[in-house]
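Order-wise, the sequence lines are chains A, B and C. The first sequence lines up with residues 1 to 560 when you count with our numbering. The second sequence lines up with residues 561 to 929 when you count with our numbering. The third sequence lines up with residues 930 to 1295 when you count with our numbering.
These aren't lab readings, by the way, just hints derived from the structure by calculation. Worth double-checking, as some hints may not be accurate.
DEER-style ranges, computed between Cβ atoms [claimed, not checked]: (1) C:D1230 with B:R675: 45 to 53 Å; (2) A:F310 with C:D950: 30 to 38 Å; (3) C:D950 with B:R864: 46 to 54 Å.
From the structure, some residues in chain C lie toward chain B, with a derived Cβ separation under 10 Å [what the hints assert, rightly or not]: (4) G992; (5) I1108; (6) L1112; (7) G1113; (8) L1114; (9) E1148; (10) F1162; (11) D1214; (12) F1233; (13) G1235.
Just so you know, even glycine gets a beta-carbon here, dropped at the ideal spot from N, CA and C.
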Amino acid sequence: MPGTNNAFRRFLTSRWFRRFWYSMIILFFLLFVLIPSTFVLSHLISGWDKISAEVLGDGQMISTISNGIMTSFKLAGAVTIIDFIAGLPMAWLLNRGHFKGRRYLDTLIDLPLVVPTSALGFSVALFWATPGGFAFFFNSPTGAITSSFILLMLVHVAFSYPYMVRTLSASLEEIDITYEIAGRTLGASPLTAIRTITLPLFRGGIVSGTILSFGRSISETGATVLALSIVGASQADGTAPVLIAGWRKLINEGGSMAEKYITASAFTSVLLIILALVLLTLVMIIIKKFKLPIKKVWPAQEKMLSGRIFKYLRDASSNIFLILAVLIPAFFIFIFFFRGLAQGNSLAGIDLAGFLNSLFASFLIASIVTVVNMGLGIPMAILIARKKAGTVTQPLDVLINIPMIIPSTALGFSLGLFWSGIGGGLSSLANADFLLIVLAHIAFTYPFIVRTVSSAISDIDISFEEAARTLGANPLQVFRKIIFPLAKPSIMAGAIMMFARSLGETGATLAVASTAVTTPVYIVKLVNENALFEAALACIILIGISYIILMGLRRLSSGK
Amino acid sequence: MHEISLHNVKKRYGTITALDDVSFDIEKGEYVTILGPTGSGKTTILKLLAGLIEPNEGEVRFKGRRVNELCPEERDVGLVFQNFMLFPHLNVWENVTFGPHMRGWAREKTDKLGRQMLDLVHLFNRALSYPNELSGGMQQRIALARTLTPGSKIMLMDEPLGALDARLRVELRYELVRLMKGLGITTIHVTHDQEEAMTISDKIMVLRRGKIEQIGAPMELFLRPRSIFVANFVGESNFIEGIISEIKDSFLKVELKDGLTVVVPSVDGAALGERIVIALKPENVSIQKGVTKGINHIQGVIERRSFLGTFVKYSVRLETGDLINSKVLTLQKDKTLEMGDKSTVSFRSNEAVVYHHPKDGVRRELEVE
Amino acid sequence: MPEVSLVGVSKSFDSIIAVEDFTLKIEDGEYVTFLGPSGCGKTTVLKMVAGLHEPDRGEIWIGKNPARGIPPEDRNVGYVFQNILLFPHMDVLGNVTYGPRVKDWPPQKTTELAHEILALAGLSARSKSLPKELSGGMQQKAAVSRALISGASLLLLDEPLAALDAKVRAELRNELKRIVKELGLTAIHVTHDQEEALAISDKIVVMKKGRIVEVGTPEEVYLNPKNIFTANFIGEANFLEGKAVSGGDKWEIEIARGLKIATCNEVPAGDRLVIAVRPEHIVIDKGQRKERNVFDGKIEDVRFLGGLVRFEIKIENNLLLAVKAPFASFEKFPQIDDQMTISFDPSRVLVYKYPERGMASELALE
């Protein structure tokens, strides 16, 4: 029946259908990602009376909130700066270096990305703050680090550093190295060429690296709680997400104070969201407008600094940083566990059924989120990369980033408010908590897949599509046969990142449903009960399983 | 019924007009080149024909039928790219059979076509190679085969030889014409290389700033260029400015800068005392050593001599201050001519082409970027 | 000062040999082109002269000094890239003054130099434009100015015209030559375009697969190429295979039974040979028959090339010969299937030994 077939095809390729399809994608983004994530902002107006009465009127509450927020931003700022300083030479090495083990180094950098952050944070905290860790070498009776702030900094650097390096090196790859070579044939020493040519062209990469690193640090809850608990600091020394998570527990327990804590959480979330948006916009503007001193040169000095010794020093120090500040602390947990095993520690504290349940829940959530977001994020990525939404494309491109920038705890809280406020609330449903967690995870992982895939697609020459179309392929065939295979590595990388992010998330989970138990939440509970050895085992199992799954995904992406 | 027509087509990108009221007809089986500088709108025409963009105004017609709204996969036209655009994740065989595959043709038919087309470009032995294992010339042959398998009778080529070495380009262009003519395919070939256009086309369409300057057979464009731009762009030309001092039958007497006069053919609307521009192909300018006298003989000094293989090109600074190029066949060259020699250039009246002086000046007409 | 000598230079990348045993002397003030197909190693040699690669073996001398170990920024050579590579974040003036600035020259001197060089390149009016606001030709002129401002006396040009339109290319190559000669520079120009090489070079170095095939002036390599590859790569040629036959004081090559071609070169009888004749050296005969190398044929293909017309003419034994004749020499434009008599002078017949590896490998362009 060629007739009907043709009519159907015509319908599918008609302008009207195309518009409808694009609108649906955008609508999904607005309804399930953007609006729920920022819904709490409306609370500032609708709930102002409560805020002014219950929070602003309470001096102690104000100081708790402002302390938490200060800590959050100080921490995120410090971590971003450290990440940048340590990450830039590493990105350089990965991109412009010529040495044998480059591929292995590349994989090493990625390794912490696939470890769930709470497991990673736990490991790092154990390394720095327990006597058996770094302090072991000095025979110290206490941990090497006793300041909670410095510990948090070390923990956050460990999990955010790979994001910074990845982003910087991806953007560095796009800058034609022959610009530098041109500079050198004109008489510039290598360092001068980098400073005056590559760095000014590199601003975009610095902006996105900063945003990602800052966003990751300000969002993290699980790792922070674990580290605080290990160093023995009170939750009051914690960051704003830790506060919200704490309140959420109290809210669930009910009682007369519950209302007040809801308001306080809302207010803190609003502050976090607004401050994060304002700060990152400022950073973006400053980096874009900041004039590097490219007019001034110091030929002799820069030539000296370009020398072999300095290059060697730079490479060596960035490798030492990677190993000492990221890799060893991240995987210290294995040493901790096996040492404990050798010393005959028992695993009495572990409740096997509960743990397995949490594992099941975690992986189920991560899988659902990955599948849903692949289905809905990839069309969005195409829409952005190929500018199919006309004048709406540009704003969309910016809005996509918002769930990545705002702290996931605030996002979770906001999302919880949104969905329980609509139509009597989802809370009336049987599996309300589970559904809410999935919705929250969908919201904050969405940008990862859209960003990765859209940049991959815009790298694919549009002429490939044009060639396929003129050879007789319809748009769907073009996607299946051309775009998808060419963008597959990036799509898989995005999927891996989403999966790992969902698996490691604590803050958003706790913020929407404190009773639900995912593995990171379970680990937090174990640590709070001081069952460190059992927690370590749980972490190792989590790392092991996620590693196997991610390797499977990676194999999928490399195979045909 | 014309195979392909454009009717008063306009295409704008934002505020930039890429094509301004373009109309033309192409007949079945013709090999047509679109020639023009970068940004003149050549590729825009191809994209309009392929259905990758839609015109803002006007109509695109295939066999008299309006196809403006038809999407690329329904038009049945082949498109060949400058950078080949072979799908990197597919091997040669998969690339070549991509079209039939997408149309869901029977396996047997697809295999037969693939085999046939690969044989046609002499590359069946590389069927299992991947594009990155092939040289540039091979890649372009494969791209050609890929475009031919679906059996389209219209072929669009966007600078198909532009990414290849100069020498290879010359060799492949003959192969290209032979192939298309042999299969009876109507071809539109975009290029900025006038030599390429000249050697392979039935018809050349010269494009400038989104408008058609002239359409015609290569010889027509070479011998009777309708504008100064075409005279310069299609083969080079010398341009000399002067003032009409006498009109006689179909000839003009023109006074050059220092009072010297030459005789050239007339131009429509020529008026006494009018400023005009004379165009002369370097191939039509003869050069002799020393001073010789006669109609259209001008004295000068050889300023530069370059050996071009088939030709030797002399640049002569005339007494009038103009610089004139003369191309002499190497075989016939007067061996005694050297740089700095006093010499005389001459040309036959009917080989000159005359234009009214352009209002923006000659320079502007000669811009090729 | 800057004569350049390369002695036994070799370079490999991984296991692929890019340049092998390259020996060449370039005189002060010479304009030399390296001509060859893609992948013949011409750019690698250029990059070694610039210091962007170090040779594995052999020495490069720039002026009186060995260049080994000197980084590119200290070699004082100007380098122009195929893809132009003006720094996108600086205007023309910023680009052009980049060299002096990174060397910390006094600003006043830098400005003076910049104005001088921009005037020479005809770009004074565009000094405040960003690269993307310029046409390709202007961009490349700015890039040449940038390469020359610091007083480099050796200019290295890596396919400088390849990214430009054919028409612009032809105009700019004359400009390049003019600038180089006006400033008295030594220039090495890499290209795969034989016409470009012929038009601008004092000396052409023909390369193939990492080795020098031959070196000569444009006239030498075009009119008397020493080997088959050069004859094919530069200009067009008809190649015929045959055996030398003795004929007293006449030297002849038998192409097929009864079909002999006379040559002025001495050929030992019995040798397997290849001859080459350029299409424009074949003359269309109009009655005045010569005694040697005269053939009757039929036109198979006619193409109008502008000043010339190119024919393919089938002569006896189904041999196809390309012939080019000036358009002006015809009163009536010849048509396909017309009969025609052609001849060529024995002195125009180039003779080569039959290549060991066969003709196909000798004529391969890729």
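Legend entry - Hint numbers contradicted by this structure: 1, 3, 4, 5, 6, 7, 8 and 11
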